[in-house]
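If you read the protein sequences in the order shown, they are chains R and F.
Counting in the working numbering, the first sequence runs from 1 upward without gaps.
Counting in the working numbering, the second sequence runs from 1 upward without gaps.
Please note that the accuracy of each hint is not assured.
Chain R is nowhere near these chain F residues, computed Cβ spacing over 12 Å in every case [what the hints assert, rightly or not]:
| no. | residue |
| --- | --- |
| 1 | Asp3 |
| 2 | Gly169 |
| 3 | Tyr283 |
Subject to a maximum C-alpha distance of 20 Å in a straight line, what follows is the list of computed PhoX-like cross-link-like pairs (lysine-lysine) [what the hints assert, rightly or not]:
| no. | chain 1 | residue 1 | chain 2 | residue 2 |
| --- | --- | --- | --- | --- |
| 4 | F | Lys103 | F | Lys117 |
| 5 | F | Lys349 | R | Lys294 |
| 6 | F | Lys79 | F | Lys152 |
| 7 | R | Lys221 | R | Lys252 |
| 8 | F | Lys117 | R | Lys294 |
| 9 | F | Lys349 | R | Lys311 |
Treat the hints as calculated values from the structure; they're not laboratory data.
Computed from a predicted structure; not experimentally measured.
Note that the Cβ used here is the ideal one computed from N, Cα and C, for glycine as well.
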Amino acid sequence: MSIITLRESITQALREEMALDENVFIMGCDVGLRGNPFGITKGLMNEYGEKRVIDTPISEAAFTGLGVGAAIAGMRPLVEILYADWITLPMDNIVNTAAKTCYMFGGQANVPIVIRAPFGVGGGVAAQHSQNNENWFVHVPGLKVITPSTPYDMKGMLKSAIRDNGPVICFEHKRNYSVKGEVPDGEYLVPIGKAAIRKTGTDCTIVAYSYMTYVAEAAAKELEKDGISCEVIDLRSLLPLDYDTVMESIKKTSRVVVVTEAPLRGSIAGEIVGEIIDRGFDLLDAPPQRLGSKNSPVAYNEGLEAMCTPKKEDIIAAVRKTFE
Amino acid sequence: MKDSKCIEELKKEFDAYAEMYSPEGLDREEQIRMYSIMWLMRKFEEAVKPLWMANKVHGYYHPYITEEAIATAIITQLKKEDYVGSTHRGHGHLIAKGGNINKMMAELFGKEEGYNKGRGGSMHISDMSIGMLGASGIVGAAVAPAVGSALKSWIKGTDDVTVVFFGDGGANAGSVSESMNMAAAWKLPVIFVCENNQWAIATDYARITGEPDLYKRGTGFGIPSYRCDGYNIYQIWETAKAAIERARAGEGPTFIECKTMRMLGHHATDDSWYRDMSVCDKYWEIEPIKRMGEFMVENKLATPEELEAIEAEAMKKVEASIEYADTQCHEPSPDTFYDYIYTDGEVIK
Ligand SMILES: Cc1ncc(C[n+]2csc(CCOP(=O)(O)OP(=O)(O)O)c2C)c(N)n1
Ligand SMILES: [Mg+2]
Chain R
1 MSIITLRESI TQALREEMAL DENVFIMGCD VGLRGNPFGI TKGLMNEYGE
51 KRVIDTPISE AAFTGLGVGA AIAGMRPLVE ILYADWITLP MDNIVNTAAK
101 TCYMFGGQAN VPIVIRAPFG VGGGVAAQHS QNNENWFVHV PGLKVITPST
151 PYDMKGMLKS AIRDNGPVIC FEHKRNYSVK GEVPDGEYLV PIGKAAIRKT
201 GTDCTIVAYS YMTYVAEAAA KELEKDGISC EVIDLRSLLP LDYDTVMESI
251 KKTSRVVVVT EAPLRGSIAG EIVGEIIDRG FDLLDAPPQR LGSKNSPVAY
301 NEGLEAMCTP KKEDIIAAVR KTFE
Chain F
1 MKDSKCIEEL KKEFDAYAEM YSPEGLDREE QIRMYSIMWL MRKFEEAVKP
51 LWMANKVHGY YHPYITEEAI ATAIITQLKK EDYVGSTHRG HGHLIAKGGN
101 INKMMAELFG KEEGYNKGRG GSMHISDMSI GMLGASGIVG AAVAPAVGSA
151 LKSWIKGTDD VTVVFFGDGG ANAGSVSESM NMAAAWKLPV IFVCENNQWA
201 IATDYARITG EPDLYKRGTG FGIPSYRCDG YNIYQIWETA KAAIERARAG
251 EGPTFIECKT MRMLGHHATD DSWYRDMSVC DKYWEIEPIK RMGEFMVENK
301 LATPEELEAI EAEAMKKVEA SIEYADTQCH EPSPDTFYDY IYTDGEVIK
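With the hints as constraints, model all of the structure from the sequences given.
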């Protein structure tokens with residue numbers, strides 16, 4: 001066991017998979033010499049050479065397209081979009097090619113690409129460097145979408161994503177990069193599509209993912225003092241989504257609060273609540289609660305930025321509401 | 001003092017180097033104005049870094065330092081109705097278009113009195129009242145929309161022109177090429193200005209392009225294309241003058257590559273560890289303000305004292321802008337959270 005940051009857990013996953021499979025390669029802006037702005041790919045170009053860690057021009061639409069094509073041709077590309085906000089640029093090749101090729105070709109071709117995209121609000125970097133776009137991709141059959149929040153999960157799930165034979169998008173919250181956690185020394189995988197229970201409880205289920213898991217845990221801790229025992233579920237993967245774990249928890253608690261950092265309107269929080277109602281309306285003792293960011297772009301001003309996202313207090317209030 | 005030996009050395013590696021000269025039609029008064037604008041840009045940018053360090057300004061901030069001649073030579077020739085499309089390194093573009101540095105400083109402070117009411121910050125500075133279409137956080141992505149204002153002028157038959165800036169990095173965004181093609185096909189009144197400072201954060205442009213002469217891309221689309229010494233305000237001025245005349249006359253786009261060198265970190269806290277900054281030493285000999293000042297003194301267009309006074313004046317203006325942003329402006333009120341998401345005061349929560 002060793003304790004590492006989430007940032008380092010990504011580096012470890014990349015390094016290990018590159019060593020195991022010579023078809024794995026990385027491409028993106030400044031991933032090579034600079035080792036990406038967060039230092040995640042630092043050193044990998046020296047270790048694996050300029051054909052396995054490729055510095056690209058600022059041509060997201062095309063270099064992601066190249067990644068998709070290389071994947072179809074049998075490689076396992078890891079494409080990095082520096083900020084998830086700009087995943088709009090290669091959207092066409094992700095949605096219309098990566099997601100649909102296997103289907104359209106009747107199973108003749110796979111697209112084993114992984115796209116890594118740092119996302120989320122924080123740092124006062126305004127509306128084009130702060131978005132939560134993960135929800136858009138959950139709408140696209142053919143893709144998988146993961147959002148690991150601990151170093152252990154990040155490493156294990158990223159390795160699973162690289163070995164997956166289809167396209168996987170990994171959303172990494174920028175505020176989680178310095179989160180520390182234990183990671184085993186040996187090889188391990190964490191499967192895609194299984195949620196994790198971060199805290200067990202009996203009174204209310206809080207469903208969250210990525211950075212919001214930490215906010216939910218903080219809320220649960222505080223509620224515990226008032227005698228309300230919350231179960232906190234970290235989804236880890238949005239597509240597929242582990243409804244079995246969610247429903248098991250609701251069987252116990254009969255109450256649920258779903259939290260996303262994305263603007264609430266049209267977000268996965270509504271989708272999750274809808275599915276919960278379909279699967280177990282009768283289990284609920286109170287209307288399910290949804291929490292998300294305000295339906296607004298993210299401001300540069302730090303006060304307005306802070307107003308945007310759900311806070312611990314908001315989650316506490318939502319949990320209390322299920323007892324009214 | 002000019003170090004001629006250093007310049008001789010520089011010429012060997014800087015292929016865009018062009019000697020300074022007095023272009024026809026550029027009078028002394030205009031030169032003094034351009035020189036003052038460059039100092040205002042410089043002082044503004046120099047002031048921001050300490051403010052960033054002191055936590056008064058946050059987010060990403062990209063200084064325009066040593067690229068001042070480009071915006072100044074080109075934009076000062078535009079009229080108010082003309083449009084400018086900017087980049088993430090956009091403070092200088094705004095100043096050259098006649099923008100208000102108090103409002104820009106207030107924006108960097110995130111204040112309600114700022115250009116963008118504190119919503120945008122450095123990367124989104126804009127002033128629609130003077131055709132300043134705004135900085136952009138998505139490299140290359142602002143080019144097509146800027147060309148759209150040239151499309152408007154073309155449809156309406158006005159003589160307004162658009163100048164759109166992008167870096168050597170931004171040049172590689174696909175939509176930049178797509179825009180150049182349409183501009184050429186329809187003879188849109190637009191000037192593509194590639195500020196080639198040879199670096200895109202940590203990427204040396206030679207590593208990611210097969211043709212180092214970026215202006216040749218314009219030629220490929222049938223656009224008259226030129227390369228200028230990005231430190232030579234006179235050469236850029238003269239090249240831009242012809243381009244603007246062409247655009248106004250409905251003769252279509254021009255592509256101007258202004259070749260320069262990024263001599264500081266990419267943004268406020270970037271120490272450029274990934275490159276050897278000593279290559280820049282020679283370039284400091286021809287940084288545009290020093291170079292223009294020396295030329296004007298040599299040619300008796302100004303005295304050193306006059307030039308010093310201009311610098312001091314710029315400093316005063318920038319100090320006043322800091323004072324304004326820091327003490328006279330306000331944080332946006334939480335009540336205004338939903339403002340501007342939609343137009344005309346409509347609020348959709
Ligand atoms: C689409 C996109 N990709 C990557 C980035 C990250 N980024 C910000 S500035 C920059 C370099 C831009 O280089 P260039 O266009 O040459 O302008 P310069 O900074 O040199 O003035 C990069 C890669 C971005 N903002 N947008
Ligand atoms: Mg550049």
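* To do: Would you check the hint for Lys221/R and Lys252/R, treating anything up to 20 Å between C-alpha atoms as holding?
  => holds (19 Å)
* To do: Please confirm whether Tyr283/F is truly not at the interface, meaning its C-beta sits more than 12 Å away from all C-beta atoms of chain R.
  => holds (21 Å)
* Is Lys349/F within 20 Å of Lys294/R, Cα to Cα? -> Roughly 8 Å separates the two Cα atoms, so the pair holds.
* Given the proposed pairing of Lys103/F with Lys117/F, does the C-alpha separation stay at or below 20 Å? -> holds (9 Å)
* When you look at the beta carbon of Gly169/F, is every beta carbon of chain R farther off than 12 Å? -> The claim is violated: Gly169/F sits with its nearest Cβ about 5 Å from chain R, within 12 Å.
* To do: Could you grab the alpha-carbon distance between Lys79/F and Lys152/F and see if it respects the 20 Å cut-off?
  => Satisfied, since the Cα-Cα distance of roughly 16 Å is no more than 20 Å.
* Does Asp3/F really sit off the interface, with its C-beta more than 12 Å from all C-beta atoms of chain R? -> Check passes; 31 Å lies beyond 12 Å.
* Quick one, are Lys117/F and Lys294/R close enough, alpha carbons at most 20 Å? -> With a Cα-Cα distance of about 19 Å, the restraint between Lys117/F and Lys294/R holds, given a limit of 20 Å.
* Asked: Is Lys349/F close enough to Lys311/R, meaning Cα to Cα at most 20 Å?
  -> holds (18 Å)
The structure does not agree with numbered hint 2 stated previously, though it agrees with all others.
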